[in-house]
Amino acid sequence: RRAKLHQSHTITREQLSVRDHMSQILRRLSTTEFLEFNQLFNELLQQPTADATAVVVVHFLAMLELAKEALIAISQAKPYDPIYLRLAYRQPAVPA
23 RRAKLHQSHT ITREQLSVRD HMSQILRRLS TTEFLEFNQL FNELLQQPTA
73 DATAVVVVHF LAMLELAKEA LIAISQAKPY DPIYLRLAYR QPAVPA
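Under this note's numbering, think of the first position of the sequence shown as 23, with each following residue one higher.
Keep in mind that the hints were calculated from the coordinates and are not lab data.
Quick caveat, the model's predicted, so the values are computed rather than measured.
Heads up, a few of these hints could be off.
DEER-style ranges, computed between Cβ atoms [unchecked claim]:
{"no.": "1", "residue 1": "Lys100", "residue 2": "Gln37", "range": "36 to 42 Å"}
{"no.": "2", "residue 1": "Ala74", "residue 2": "Gln98", "range": "20 to 26 Å"}
{"no.": "3", "residue 1": "Gln29", "residue 2": "Ile96", "range": "43 to 49 Å"}
By construction, the Cβ of each residue, glycine as well, lies at the ideal position given by its N, Cα and C atoms.
Turn these sequences into a full structure, and let the hints guide you.
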């Protein structure tokens, strides 16, 4: 026995731009010397959105594209340490 379904569903698609997310990341990094990877995504998840998973994926792709274009540097001191992002053209501060 099969139940007959007579409901229709409308699926809306949110347009996500990797370039827009690249700009967001660059703006965020322009206000600080370093940004912790987790902090970047925690801030992103605070924003209300219809599809958080898609937004996180696009943001991650934007971060990878920025690294590929040598606009940001991604560093980690050793395995399991925090991952940090910084603008590639900004030299890290040297402790006195």
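Status of the hints after comparison with the structure:
1. Between Lys100 and Gln37 the Cβ separation comes to about 39 Å, which falls inside the hinted range of 36 to 42 Å.
2. The given range of 20 to 26 Å is respected by Ala74 and Gln98, whose C-beta atoms sit roughly 25 Å from each other.
3. At roughly 46 Å, the beta carbons of Gln29 and Ile96 sit within the given window of 43 to 49 Å.
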